[in-house]
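These protein sequences, in sequence, are chains A and B.
Going by this note's numbering, the first residue of the first sequence is number 1, and it counts up by one from there.
Going by this note's numbering, the first residue of the second sequence is number 1001, and it counts up by one from there.
These aren't lab readings, by the way, just hints derived from the structure by calculation.
Small disclaimer: the values here were computed from a predicted structure and weren't measured.
Please note that a few of the clues may not be correct.
One side of the interface only, derived from the structure: several residues of chain B facing chain A at Cβ under 7 Å [said to hold, decoys possible]: (1) GLN1041; (2) PRO1043; (3) PHE1045; (4) TYR1048.
The C-beta atom is built at its ideal place from N, Cα and C for all residues, glycine as well.
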Amino acid sequence: GENVEQHPSTLSVQEGDSAVIKCTYSDSASNYFPWYKQELGKRPQLIIDIRSNVGEKKDQRIAVTLNKTAKHFSLHITETQPEDSAVYFCAASRSGNNDMRFGAGTRLTVKP
Amino acid sequence: GAGVSQTPSNKVTEKGKYVELRCDPISGHTALYWYRQSLGQGPEFLIYFQGTGAADDSGLPNDRFFAVRPEGSVSTLKIQRTERGDSAVYLCASSLGQLNTEAFFGQGTRLTVV
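Bound-form chain B, shown alone (with noise of 0.2 Å):
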């Protein structure tokens, strides 16, 4: 696609349930990039693949977060047992993965735990 796309751009789930939210980066790129932000405040990091792997995972508050990227195309973030607190603008971006590079966002998903 033209650019990269996240499904849904909304889902409100009452809190205990589960959710997937799900990312297609722009064709090509190898790096794709889950951020979280919250009203008023900056993305924060939460995991980083490089193709299938999870290069850098350290930004995942707990167990109860997991993202998979299985063919090195398309994410999914799943969210097991949500809180409230776990409501926010998850942020999903992708670049060329070549070293330091343009990471383009995604419009996000804004999740609502109720």
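Bound conformation, chain A alone (with noise of 0.2 Å):
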């Protein structure tokens, strides 16, 4: 089945930088990538997806890119803020299957 590596595992960064986490899968047939935000003691909340057919997507201050060739994709938040600070989960699915496979996750903190 499909494997999900995510990195860091932690991630401090000042107010205003940007942040990058990277997630690797192991599934090739794998085409829908969405990224989670989990505040602490909230669900999940979908906060940017991309499909296979495209390389890059945006959506104000987060990005995610895809390499399809080598099996990664990452989230790009720039301009941080404190309410950035989260757990972030990358996720993997294919069609036909449809269920989710969840990277470990990424704690994020921004500091003021």
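Got two chains here, each in a separate frame; can you build the complex from them with the hints?
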């Protein structure tokens, strides 16, 4: 089955700096890659997703890049703010299966 | 309802007891997922339903775990002979069931086995 690895496990940045979180996946048939943000004690919520037919997607301060050849995808957050502090999870799934497998998460801390 | 609802929000049970965790998905969502999340970890896939049938139950850790979705809406995760290692937050999510669509999570049920 699919195996998703995520790095780093923790990341601390100064407010205004950029943060990058990277994930790799094992199933070359995976074609949907969502990113979820989970604040303490709350449910995971989708912040951005990318499908395999594009290499990059951007939504304001958040962007995701996908390299299908290398089987890795990354989350980029620019101009970080304290409210970006949370745990971020990447995931991968493939058509016909639709179950998502998650990475272990990255705890992002944005210091004011 | 407006979102995915899970009950109870917290459950404390004694080792060896049986528990049921309930998930009410968003109306119209045909896909339903159960995940288990331990402290500091990502959600661990347990089982996925498409309609009434379990399309993939490969994540269930052993035969003490079972899930049903008899009418294609509400789902119940059942754990027999609970063990302390079962303690975790059990998350349910639902989606439209079309290929590659967003999954919406419930708040989870925090299960503590003492």
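Does the nearest C-beta of chain A fall within a distance shorter than 7 Å of the C-beta of B:TYR1048? Because about 4 Å separates B:TYR1048 from the closest Cβ in chain A, which is inside the 7 Å limit, the hint holds.
Measuring from the C-beta of B:GLN1041 to each C-beta in chain A, is the shortest one below 7 Å? With a minimum Cβ separation of about 6 Å from chain A (threshold 7 Å), the hint on B:GLN1041 holds.
Interface hint check: B:PHE1045, Cβ to nearest Cβ on chain A, cutoff 7 Å. Holds or violated? Since chain A brings a Cβ to about 6 Å from B:PHE1045, closer than 7 Å, the hint holds.
Let me know if the C-beta of B:PRO1043 comes in closer than 7 Å to any C-beta of chain A, holds or violated. holds, 5 Å
Figure legend: structure checked against the earlier numbered hints; every hint is met.
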